[in-house]
Every structure is written in C-alpha cells, then in structure tokens.
Amino acid sequence: MDVREPDADVPVVSLSDGVVTLRPWSRDDARFMAEAFADPAIRRYNGAHDRLGRPAPPLSIEDAEAIIDEFASCWRAFGAAEPPSGVAFAITDAASGGLVGCCGVDDWSKGDVAQFGYWIGPGARGRGYATRAVVLLTRWLFELGAARAFLTVEADNEASAAVARRAGFVHEGTMRAHSVWQGKRIDVMWFAALPHEWTMRRPPVRSREGRDQSAGGLG
Numbered sequence: 001m002d003v004r005e006p007d008a009d010v011p012v013v014s015l016s017d018g019v020v021t022l023r024p025w026s027r028d029d030a031r032f033m034a035e036a037f038a039d040p041a042i043r044r045y046n047g048a049h050d051r052l053g054r055p056a057p058p059l060s061i062e063d064a065e066a067i068i069d070e071f072a073s074c075w076r077a078f079g080a081a082e083p084p085s086g087v088a089f090a091i092t093d094a095a096s097g098g099l100v101g102c103c104g105v106d107d108w109s110k111g112d113v114a115q116f117g118y119w120i121g122p123g124a125r126g127r128g129y130a131t132r133a134v135v136l137l138t139r140w141l142f143e144l145g146a147a148r149a150f151l152t153v154e155a156d157n158e159a160s161a162a163v164a165r166r167a168g169f170v171h172e173g174t175m176r177a178h179s180v181w182q183g184k185r186i187d188v189m190w191f192a193a194l195p196h197e198w199t200m201r202r203p204p205v206r207s208r209e210g211r212d213q214s215a216g217g218l219g
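Residue numbers (full-length UniProt numbering): 1 to 219.
Hints in this document: simulated from the structure, not taken from any laboratory.
In this text, all values refer to a predicted model and were calculated from it rather than measured experimentally.
Yeah, the Cβ is synthetic: ideal placement off N, Cα and C, and Gly gets one too.
Where hints are given, some of them may not hold.
[Claimed, not checked] For each label pair, taking beta carbons as the anchor points, the in silico distance ranges come out as:
#1 ALA80 / ARG165: 32 to 40 Å
#2 ALA155 / PRO122: 33 to 41 Å
#3 LYS110 / HIS171: 39 to 47 Å
#4 ALA80 / GLN182: 20 to 28 Å
#5 ALA177 / ALA95: 37 to 45 Å
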C-alpha cells in the first residue's frame, strides 16, 4: 500500500497487485464515469433508483464531477482520522493506467463493519479486474481494522456473486423480497468475510487470464 499526501488534508491511497491498481478518483475521470453509467447493467445494479426501482437518468459529466467531489470530501474526512465511509477508488489497469471501474466503502459502522460495492465498465469485463479489486479493497479494510467486510448482490446477478466467491467471501444468506427493480420485488444475497477466516479462504490472485463478467454488485 502506498499512501501519499500531496495536500495536507487529502490523503491519496494507492493499492496495487501489479495487474490492477486502485487510486482515488479525480475530476479528470468524470467523462469515464458518465459514460460508464450509460451502461444498462451498471444502471441496473449500481445506479440510483426511485422507490419503484426505476433507474435515475444517466449521469452528465457535471453529475460525475459532483460525485467525484463527494468522494474527495470523504477522503478528507478519512485523512482527519474519520472512518473511511464513502471513500472510493478508481480501478485501473496497472500497466496502462486506463480506467476500468470503481470500488469503494459504502459504510463503516461504529462496530467496525465495512460494507462496500464495485462496478466494472462494459469494455473491461471478463478480464479478472473485479475479483482483483475486491481482494485489494478487502485486504485494505482489514488492515484498517474492519472486523467484518460485506457486500450485497441481487439474486439474479450471478456474475457478481461469482466474483464475491472467487474473492474468498462466504454467502451468508438471501434476503427475500428485499429490493425493488421496475416495480418487482427481488431477493438480495449477502456475502461477507472475516479477517481471520479470509486469509485462509482467499485464493491466490490469478493472472490476467482470470475471468469475471460482472458489471458490479449492489454494494
């Protein structure tokens, strides 16, 4: 893990396994984010929905910049010794530096339980990026002292469930009729890892040929 502080109040955390690198978002990345959120799968599993499960309109570049600004605010809070709730990483290809997706901490509870989510852009799926990103993020969460890390996956999102399993997470159960999509109730799966178990369960990070087709999970 590399931690740099270009500004006194904004820590920049970089995590890498040599194939995937996680780094904080910058406003220069806004176009990639806006284009990614035009993808139906990302809007389905990761975008904002109303109470009937209807997706919000696609992001404009200005919308994406505002989201990235919120991420930066969360990083500042983390730099001031707050929990990492709301911090997000851009997932990049370590060799090219190209953007491929996003992962981040949705919430860090008072009991040191971390919930996270992720998504992968449509042009980068099937290359193992998602699994590697989840492993890197989970390791970082446990290094920070998380007692438990978990993510939720809609029951029909088999690709994202496969990513969770490959990354060493345990399917703890399914919440029936827990969410809504286009007016229809859907089941949601819970996947979790505990630090003392995860180090034993987690498989070695595979080479670039590792496959995952997931757009992302609910987070």
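Legend entry - Hints violated by the structure (numbers, ascending): 2, 3, 4
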